[in-house]
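Student: The primary structure of each chain is shown beneath.
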Amino acid sequence: MSRTISIEPVTRIEGHARITLQLADTGEVEDAKFHLTQFRGFEKFCEGRPYREMPALTARTCGICPVSHLLASNKACDDLLAVTIPPTAEKLRRIMNLAQLLQSHALSFFHLSSPDLLLGWDSDPKDRNIFGVMRADPQLAKNGIRLRQVGQTIIEILGGKKIHPTWVVPGGVNEALTVDKRDAMLAMLPEALTIAKDTYAFFKTLVPKFRDEARHFGTMQTMFLSLVSPEGALEHYDGFLRLKDADGRIVEDKVPPQDYPRIIGEAVEDFSYMKFPYYKPLGYPGGIYRVGPLARLNNADTCGTPFADVALAEFRTLQEDAGPIASSFHYHYARLVEIIFAIESMQRLLKDPAILDPRVRARARGNKSEGLGVSEAPRGTLMHHYKIDDAGLITWADLIIATGHNNLAMNRSIKEVADAYVDGTDVKEGMLNRVEAVIRCYDPCLSCASHAFGQMPMVIDIQRSDGKVLRQITRD
Amino acid sequence: MPIRAQQPDVSVVTLTIDGQDLSARADETIIEVCRENKIPIPSLCWMDGLSVVGACRLCVVEVDGGPRLQAACATRVREGMSVQTNTDKLQRYRRTLVELLFAERNHVCAVCVSNGHCELQWLAQTCGVDHVRMPYRNTGYNVDSSHEMFRIDHNRCVLCTRCVRVCDEIEGAHTWDVMGRGSGCQVVTDLAKPWGESDSCTSCGKCVQVCPTGALVKQGTSVGEMVKDQQFLSILARRRSSR
Chain A
488 MSRTISIEPV TRIEGHARIT LQLADTGEVE DAKFHLTQFR GFEKFCEGRP YREMPALTAR
548 TCGICPVSHL LASNKACDDL LAVTIPPTAE KLRRIMNLAQ LLQSHALSFF HLSSPDLLLG
608 WDSDPKDRNI FGVMRADPQL AKNGIRLRQV GQTIIEILGG KKIHPTWVVP GGVNEALTVD
668 KRDAMLAMLP EALTIAKDTY AFFKTLVPKF RDEARHFGTM QTMFLSLVSP EGALEHYDGF
728 LRLKDADGRI VEDKVPPQDY PRIIGEAVED FSYMKFPYYK PLGYPGGIYR VGPLARLNNA
788 DTCGTPFADV ALAEFRTLQE DAGPIASSFH YHYARLVEII FAIESMQRLL KDPAILDPRV
848 RARARGNKSE GLGVSEAPRG TLMHHYKIDD AGLITWADLI IATGHNNLAM NRSIKEVADA
908 YVDGTDVKEG MLNRVEAVIR CYDPCLSCAS HAFGQMPMVI DIQRSDGKVL RQITRD
Chain B
2 MPIRAQQPDV SVVTLTIDGQ DLSARADETI IEVCRENKIP IPSLCWMDGL SVVGACRLCV
62 VEVDGGPRLQ AACATRVREG MSVQTNTDKL QRYRRTLVEL LFAERNHVCA VCVSNGHCEL
122 QWLAQTCGVD HVRMPYRNTG YNVDSSHEMF RIDHNRCVLC TRCVRVCDEI EGAHTWDVMG
182 RGSGCQVVTD LAKPWGESDS CTSCGKCVQV CPTGALVKQG TSVGEMVKDQ QFLSILARRR
242 SSR
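As given, the protein sequences belong to chains A and B, one line each in that order.
According to this note's numbering, the stretch in the first sequence is residues 488 to 963, in order.
According to this note's numbering, the stretch in the second sequence is residues 2 to 244, in order.
If we strip away everything but chain A, and leave its shape as in the complex, we get (with noise of 0.2 Å):
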């Protein structure tokens, strides 16, 4: 008799979705299913709203990375515009989408996985928390609330405030720097820089106790996509999309962004309201692809900063193999370089005496009929793309999010750790979270204005295939 097992909600996750396990009548696992059981709706409600208009509202999709949709949207309205940003606007937005990523990485890394791998994934669940890292080692967890929140102060620094900021406008930004405000944020650093390092020789040490999860933890062949700038290293904000396959090949290189419908489909299943993005040539779902810190990692030739240049040649040892690292589970490897990155980017840039320059905006009004913008947000390659009438009004916009390119992988990957650790004889509360965790490696950003944490409820059912429930495992 097949049975299913759901794990609702998926916990310390951005957003609400459910895991569904089939189970055959051998308590094998037949099919695993990640669902998005949301619906936004923003593409539609949209239309017919000013363009101006466009970066306040998408921002409004997620209160974890604001910041990229508002970066993403503006350049979208640039390319409306039809202008080049003045050079300091361009730097100024670059150091807000690194504050960003820093914040969000160290939310993920710290706040929403790091339970899992100080505590383990057998601990009790009540435990299994920040509150319970915060017990476990204290100075971790105040070295990621302390990340967190430099990050989010150089947000609030430039923007005015932390969530929602409104100081990234079409052309560029509305206010220029100052010193105050440059030499506030560069005192931060050092000490950020120092957390980050430490962090990261930490988790290095905790790297080989899990072989295991990296063996299972979604090490699919897949390929990766993401920006890189045009001389090939990592980037953020702008440059061009790069395709790799799973053998490290370059498949696709320089593509302008602009292009990237020639490359990029999405298709629609109807167990979720999240699209499937793919890759053209190889249709669906073959064309399955990896975004965000891994596929970054994996494209750039090189991250262009000394210790973060350092970590990723340590990073491309992680695996014994040639090409591209596979597992999803060093997600959370490239997440702890990319905020060293992040630092040392910011420090950069707030030293340069160009970042001072009051010509932060450029003024034109619509002189386009379709824009896109395209950005690396914390989670991938994220896509915003509008068409204008004559008035200057949306009739139509797509957004392809960051974590909808990661849907195929993460559908995958939930099988493949459900195949190795679930036994659906006799399911355990470990087993399901590590088919948890693997979601995690993702840092998927559902909603992602409400922001599931910790100690969330949890009801496992397992049915018959005739909808009976069997068994009920509840956490509360």
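Since the hints were derived computationally from the structure, they do not count as laboratory data.
Every value quoted in this text rests on a predicted model; they were computed, and no experiment measured them.
There's no promise every hint is true.
The calculated lysine-lysine pairs, modelled on BS3-like cross-linking and capped at a C-alpha distance of 25 Å, are [to be verified]: (1) A:K874 <-> A:K767; (2) A:K741 <-> A:K767; (3) B:K229 <-> A:K874; (4) A:K648 <-> B:K39; (5) A:K578 <-> A:K520; (6) A:K855 <-> B:K229; (7) A:K855 <-> A:K531; (8) A:K762 <-> A:K520; (9) A:K915 <-> A:K613.
Only part of the chain B face toward chain A is listed, based on derived beta-carbon distances under 7 Å [as the list claims (entries may be wrong)]: (10) T97; (11) P136; (12) S146; (13) S223; (14) V224.
From the three backbone atoms N, C-alpha and C, an ideal C-beta is built for every residue, glycine too.
Position chain B against the provided structure of chain A, taking the given hints into account.
Tutor: Just chain B now, kept in the frame of chain A:
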């Protein structure tokens, strides 16, 4: 020869507002006396320099302890009058009125160009509107962005008719007017032509500056960037009346 302005009624009356003994000119309204004496009283449709319509009812006050509330903008002072401007009942009524304004159209402050500089937002804060107790209508209204310099978003219009009055009384163009009834009521330009095709509009921008919300705004502004300057109105109105 310039037309002589009508001489104001200079006779003085004495009255009490919130227990405070005050004197005022007999031709003044309660709201004018309150403003002169820095007694806070919310208002939306009333504006110094424009005619009075008494439409929003936010400035209602209790007069001589009577049960009938009176609009402070449309009630002249009288000798011996006793006015209460801030009783529990008035606070309750005002809060409900502001909630109804929010429920009627789509005022999404977070993404509005007037965010932080909006009279409706300020009213909601002063009247204690932390949430809206009635269901939102959620009816979509159109955005007219056809004008070269300005835009109207009917989703954010509260029908105060300041734009209609300033265009008629100060600019003299009478481009703006009101059409429809009930929830279908809206301000229109030139017999409901798109604003950009209006023959009468002089593009002076007075309507944009007096609009209390983000309904009438300048093109090219992003969220929170639309700051309105209403100083011009009282100056213009004073100069006209002294001619």
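Student: Each hint needs a verdict: does it hold in this structure or not?
Tutor: Each hint tested on the structure:
no.: 1; hint: A:K874 <-> A:K767; verdict: holds, 22 Å
no.: 2; hint: A:K741 <-> A:K767; verdict: holds, 17 Å
no.: 3; hint: B:K229 <-> A:K874; verdict: violated, 30 Å
no.: 4; hint: A:K648 <-> B:K39; verdict: violated, 33 Å
no.: 5; hint: A:K578 <-> A:K520; verdict: violated, 41 Å
no.: 6; hint: A:K855 <-> B:K229; verdict: violated, 29 Å
no.: 7; hint: A:K855 <-> A:K531; verdict: holds, 21 Å
no.: 8; hint: A:K762 <-> A:K520; verdict: holds, 14 Å
no.: 9; hint: A:K915 <-> A:K613; verdict: holds, 15 Å
no.: 10; hint: T97; verdict: violated, 28 Å
no.: 11; hint: P136; verdict: violated, 18 Å
no.: 12; hint: S146; verdict: holds, 4 Å
no.: 13; hint: S223; verdict: holds, 4 Å
no.: 14; hint: V224; verdict: holds, 4 Å
In summary, the numbered hints that this structure violates are 3, 4, 5, 6, 10, 11.
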